[in-house]
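> With the sequences and hints as input, model every part of the structure.
Listed here are the chains, written in short residue letters.
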Amino acid sequence: AQRVTQPEKLLSVFKGAPVELKCNYSYSGSPELFWYVQYSRQRLQLLLRHISRESIKGFTADLNKGETSFHLKKPFAQEEDSAMYYCALRKWNNAGNMLTFGGGTRLMVKP
Amino acid sequence: NAGVMQNPRHLVRRRGQEARLRCSPMKGHSHVYWYRQLPEEGLKFMVYLQKENIIDESGMPKERFSAEFPKEGPSILRIQQVVRGDSAAYFCASSPPAGPVQTFGSGTRLTVV
Chain L
1 AQRVTQPEKL
11 LSVFKGAPVE
21 LKCNYSYSGS
31 PELFWYVQYS
41 RQRLQLLLRH
51 ISRESIKGFT
61 ADLNKGETSF
71 HLKKPFAQEE
81 DSAMYYCALR
91 KWNNAGNMLT
101 FGGGTRLMVK
111 P
Chain X
1 NAGVMQNPRH
11 LVRRRGQEAR
21 LRCSPMKGHS
31 HVYWYRQLPE
41 EGLKFMVYLQ
51 KENIIDESGM
61 PKERFSAEFP
71 KEGPSILRIQ
81 QVVRGDSAAY
91 FCASSPPAGP
101 VQTFGSGTRL
111 TVV
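Chains L and X are the protein sequences, given in the same order. One point on numbering: in the numbering used here, the residue at position 87 of the first sequence is 87, and numbering is uninterrupted. One point on numbering: in the numbering used here, the residue at position 102 of the second sequence is 102, and numbering is uninterrupted.
Derived by calculation from the structure, the hints in this document are not laboratory data. Check each hint, because a few of them may be wrong.
As the list claims (entries may be wrong) - Partner residues aside, some chain L positions facing chain X, computed with beta carbon under 8 Å: (1) 90; (2) 99; (3) 103.
Keep in mind it's a predicted model, so treat the numbers as computed, not measured. Cβ atoms here follow ideal geometry from the backbone N, Cα and C, with glycine treated the same way.
Written out as structure tokens, the structure reads:
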């Protein structure tokens with residue numbers, strides 16, 4: 001069975017400090033992973049996909065198949081990064097396309 | 001493109017009433033997903049639908065909850081005989097048939113009093 005684990009419910013850092021939000025997954029197939037972000041009382045938005053290998057708002061995430069991880073990193077946190085972050089794993093089944101989400105990590109960036 | 005539209009944004013129901021939450025997917029999207037976010041908790045998958053077809057409802061509570069996505073019109077998540085524990089934010093997402101990215105709506109916040 002596939003599973004996404006975000007071990008930290010809350011991560012609090014000071015502005016300018018590095019940030020790493022952890023995500024571990026278990027999946028028997030070839031994984032496709034995403035990070036979604038939810039700012040206060042707003043809809044979830046796609047932040048980045050591992051396939052794209054891009055940096056969005058200074059965030060990057062590298063898929064490590066050996067460690068089954070997809071941690072989200074930013075070298076210098078900003079106050080506007082405060083939000084809820086969800087790691088998600090795409091699952092294909094016979095009928096189509098689903099995402100399994102981790103429990104989420106709330107990032108608080110203090111001034 | 002208006003994006004994924006959910007209504008109402010806020011819904012208040014008394015215990016025992018029915019709640020109906022609507023979701024209109026993005027233009028060109030034929031797959032709809034419903035998620036529930038309980039206060040101070042993460043996002044939990046409920047059900048995945050295509051037009052006139054439930055693909056996966058493994059996250060739906062066995063009783064009182066149902067979902068549909070008719071040939072015409074929005075997807076509906078129906079909760080019968082609501083209880084206080086149903087108070088949550090309910091999010092809908094949609095995707096194109098082969099697309100991996102789900103686009104989310106703004107959610108419906110259900111409060112049961």
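> Mind checking the CB of residue 103 of chain L against every CB in chain X and telling me if the closest is under 8 Å?
The hint holds - residue 103 of chain L has a Cβ within 8 Å of chain X, the shortest such distance being about 4 Å.
> Holds or violated: residue 90 of chain L as interface residue toward chain X, Cβ cutoff 8 Å?
holds, 5 Å
> Given a cut of 8 Å on the nearest C-beta pair, is the interface hint for residue 99 of chain L held or broken against chain X?
holds, 6 Å
When the structure is compared with the earlier hints, no violation turns up for any of them.
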